[in-house]
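Number of protein chains: 2
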Amino acid sequence: MFKRWNKSIKKLEIKKKTTIKDIGDLLGLTPSAVSKALNNHPRISDKTKKAVQDAAIKLQYQPNFLSSALRKGKSNMVGLIVPRINTNYYSSVIENIEDVLNENGYNVIMAQTNESYNKECKSIDNLLNIQVDGIIASIANETVSFDYYQKIKEKGVPLVLFDRGENDLDVDYIGIDDYNCSHLIVAHLAGQNYKKIAHITGYSHTRIFKNRIRGFRDAMQKFDLPIQENSIIECNLQVEDGRRIMKALLNQEKRPDAIYAASDNAALGALEVLLEEGIQVPEEMAIVGFGNEPFSTIIKPQISTINQFNAEIGKQAALAFLERIKNPEKKVSLNKIILDSELMIRSSSYRKL
Amino acid sequence: MFKRWNKSIKKLEIKKKTTIKDIGDLLGLTPSAVSKALNNHPRISDKTKKAVQDAAIKLQYQPNFLSSALRKGKSNMVGLIVPRINTNYYSSVIENIEDVLNENGYNVIMAQTNESYNKECKSIDNLLNIQVDGIIASIANETVSFDYYQKIKEKGVPLVLFDRGENDLDVDYIGIDDYNCSHLIVAHLAGQNYKKIAHITGYSHTRIFKNRIRGFRDAMQKFDLPIQENSIIECNLQVEDGRRIMKALLNQEKRPDAIYAASDNAALGALEVLLEEGIQVPEEMAIVGFGNEPFSTIIKPQISTINQFNAEIGKQAALAFLERIKNPEKKVSLNKIILDSELMIRSSSYRKL
Chain A
1 MFKRWNKSIK
11 KLEIKKKTTI
21 KDIGDLLGLT
31 PSAVSKALNN
41 HPRISDKTKK
51 AVQDAAIKLQ
61 YQPNFLSSAL
71 RKGKSNMVGL
81 IVPRINTNYY
91 SSVIENIEDV
101 LNENGYNVIM
111 AQTNESYNKE
121 CKSIDNLLNI
131 QVDGIIASIA
141 NETVSFDYYQ
151 KIKEKGVPLV
161 LFDRGENDLD
171 VDYIGIDDYN
181 CSHLIVAHLA
191 GQNYKKIAHI
201 TGYSHTRIFK
211 NRIRGFRDAM
221 QKFDLPIQEN
231 SIIECNLQVE
241 DGRRIMKALL
251 NQEKRPDAIY
261 AASDNAALGA
271 LEVLLEEGIQ
281 VPEEMAIVGF
291 GNEPFSTIIK
301 PQISTINQFN
311 AEIGKQAALA
321 FLERIKNPEK
331 KVSLNKIILD
341 SELMIRSSSY
351 RKL
Chain Z
1 MFKRWNKSIK
11 KLEIKKKTTI
21 KDIGDLLGLT
31 PSAVSKALNN
41 HPRISDKTKK
51 AVQDAAIKLQ
61 YQPNFLSSAL
71 RKGKSNMVGL
81 IVPRINTNYY
91 SSVIENIEDV
101 LNENGYNVIM
111 AQTNESYNKE
121 CKSIDNLLNI
131 QVDGIIASIA
141 NETVSFDYYQ
151 KIKEKGVPLV
161 LFDRGENDLD
171 VDYIGIDDYN
181 CSHLIVAHLA
191 GQNYKKIAHI
201 TGYSHTRIFK
211 NRIRGFRDAM
221 QKFDLPIQEN
231 SIIECNLQVE
241 DGRRIMKALL
251 NQEKRPDAIY
261 AASDNAALGA
271 LEVLLEEGIQ
281 VPEEMAIVGF
291 GNEPFSTIIK
301 PQISTINQFN
311 AEIGKQAALA
321 FLERIKNPEK
331 KVSLNKIILD
341 SELMIRSSSY
351 RKL
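Protein chains in written order, with full-length UniProt numbering: chain A, 1 to 353; chain Z, 1 to 353.
The shape of chain A in the complex, shown without the other chains:
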């Protein structure tokens, strides 16, 4: 039965992907018999099983988990879509998502959008195509339509959003109270007697930034501080955005005396410009960032910032996915988890009045 072995083996070895048909051809078995043998089916003799196993090893057969995934509707892969991987916030959320999912037998496959809507759409398509069991995502800054996220929902693939979510999508969401964070910052700056606060922020079509701006406006009003409309500036929140906007703010007629930046990167860019210009921080101008990136304590002066408890956000996002996947039919009520965050007051905004 297995006599063709020696003759065929050389020729088959140069083939790129060994299939169960190749193994069957080699041994004179049907693909179905090979499949049964590989799955230890009782109807297949031990001798045949052994021959199939040996051939599978020799031919470096790799079971196509994906095909079985398609049949079973399970790939044990979770797709993770993030705007950027190069911030401590995202890399630490990712690390914690991975820890929880790996413990539960899932592998994580990542895609980064670089804030681009186009890359986000392609990433979603890719992840759906490779049949991930779920998608955990934070929406790109430049995303203008949620059709692709809608598509994930419509496919019945569990979707969990964190940080940058969208109410209308009606899916599990883990985030912080952005509105309240703005209140914490403005209250602190007002208490330090800063009066002309500028807000460098993300695009207001993204919920978290909309909420931070709303919180900023309400808090300014609460503390009777005037809002200069041209000092609420939306951008991609990178270091170079902070630099560019800080330079523009310094050239304004009514120069601000405090900057609330919605990312530590933007705060760093702004701070660099102030140091270069010889402007005293915090004496002449205060800087507050957002995210508690490690560099915020490396630079002098250290940057005041919001600490978001990244680890907990990652864990809760993974747990929300696991709860969803374990209850595919049962209507589990949505997880809308809003975690506490804290203002870390450091020397960039503390003038010890």
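If you're looking for bench data, these hints aren't it; they were derived computationally from the structure. Incorrect hints may appear among the rest.
For chains that are exact copies, the list does not tell them apart, and a pair is met inside one copy or across any two.
To be verified - Mimicking DSS-like on lysine-lysine, the simulated pairs with C-alpha atoms at most 30 Å apart in a straight line are: (1) Lys326 to Lys153; (2) Lys74 to Lys122; (3) Lys151 to Lys300; (4) Lys58 to Lys326; (5) Lys36 to Lys74; (6) Lys122 to Lys50; (7) Lys210 to Lys153; (8) Lys36 to Lys47; (9) Lys122 to Lys247; (10) Lys300 to Lys247; (11) Lys21 to Lys210; (12) Lys122 to Lys58; (13) Lys254 to Lys21; (14) Lys58 to Lys153; (15) Lys352 to Lys196; (16) Lys151 to Lys336; (17) Lys122 to Lys21; (18) Lys155 to Lys47; (19) Lys315 to Lys47.
Dock chain Z against chain A, hints included.
Only chain Z this time, still in chain A's reference frame:
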């Protein structure tokens, strides 16, 4: 022929994954006819094509690109395996790989190993399972066997290694001249009259660290500097490793007067300990790092370091993959690209003698 449409549509809509069989069932067509219609086959009438298209849209049918990928042997996805995503080095290499590959119609799917051999193996299996067209990787610190990388090669899937490569695998490789970098650093420190140089490095079973250690030893000999065996210390090169090892070095009988750390993170950890202990840098002790992470110019004193030209490494890695994929049969000679790198001399090691 299409009369069942209105009755069936509601029931079908709740199904999770629409297949061509679902479309066929709805319209009374065979799956094969549906497939032909979707592929604009000349034997299928325009009327049927239109009906199939309408049904596909209504049922939110998503062509299984993966199945066609299996048939065509092409998925347009490239897998990227990196030890960590949270360093500027890796995120900037990744960004440049993505730029080149996206321009050429490929999408990038990432997996991070966190330096774990086990996670690396799983990631390779996953990427092979989802039939990526190629894999670009930097090997984990804790990897002890290259069997899984061998498996990629044996499957005929193009493999490009960067940064942490392995000679024996005989694949395209993009990196820097690590041996020479150690020479640059030791020559600089010797010129500044430092004599007792300790080397905090990665695990020597990884080629780049083996080469840095070899370069360190040879350069020390060249400059007639004694090597203390207990001051060449292998670790995972994170900030906490730098802190721990710096504390241990300070407790040694023969305290070093200069530290060459094989990562900026480890250099930062070491520097933090020195600043906490009130040891003057660079007067009493010098610190040199590796990688030119952005924080190396944020901290005071700024950290001297090796600049690796990350963007070029990423671009060359992507180009090596593209060259390989365009010449699947033709034996293209291996790309072994060793890029120049430069020592950035900053205040952490410059005592202006």
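Now the hints, each set against the structure:
1. Lys326 to Lys153: Classified as within: same-chain Cα gap 16 Å, cross-chain 37 Å, threshold 30 Å.
2. Lys74 to Lys122: both (21 Å within a copy, 16 Å between copies)
3. Lys151 to Lys300: Neither. Shortest intra-copy (47 Å) and inter-copy (49 Å) distances fail the 30 Å Cα cut-off.
4. Lys58 to Lys326: Only across copies: lysine 58 and lysine 326 sit 29 Å apart there, 38 Å inside one copy, limit 30 Å.
5. Lys36 to Lys74: For lysine 36 and lysine 74, both the intra-copy (20 Å) and inter-copy (28 Å) Cα distances are at most 30 Å.
6. Lys122 to Lys50: between (44 Å within a copy, 26 Å between copies)
7. Lys210 to Lys153: within (24 Å within a copy, 49 Å between copies)
8. Lys36 to Lys47: For lysine 36 and lysine 47, only the intra-copy Cα distance (13 Å) is at most 30 Å; the inter-copy one is 43 Å.
9. Lys122 to Lys247: For lysine 122 and lysine 247, neither the intra-copy (36 Å) nor the inter-copy (48 Å) Cα distance is at most 30 Å.
10. Lys300 to Lys247: Result: close both inside a copy and across copies, 20 Å intra and 24 Å inter.
11. Lys21 to Lys210: neither (57 Å within a copy, 45 Å between copies)
12. Lys122 to Lys58: between (38 Å within a copy, 21 Å between copies)
13. Lys254 to Lys21: Answer is neither; intra-copy 76 Å and inter-copy 67 Å both fail.
14. Lys58 to Lys153: between (43 Å within a copy, 15 Å between copies)
15. Lys352 to Lys196: Classified as within: same-chain Cα gap 18 Å, cross-chain 44 Å, threshold 30 Å.
16. Lys151 to Lys336: Cα proximity of lysine 151 and lysine 336: one copy only (21 Å, versus 43 Å across).
17. Lys122 to Lys21: Intra 33 Å, inter 26 Å, cutoff 30 Å: inter-copy only.
18. Lys155 to Lys47: Answer is between: at 28 Å across copies they meet the 30 Å cutoff, but 44 Å inside does not.
19. Lys315 to Lys47: neither (48 Å within a copy, 52 Å between copies)
In summary, the numbered hints that this structure violates are 3, 9, 11, 13 and 19.
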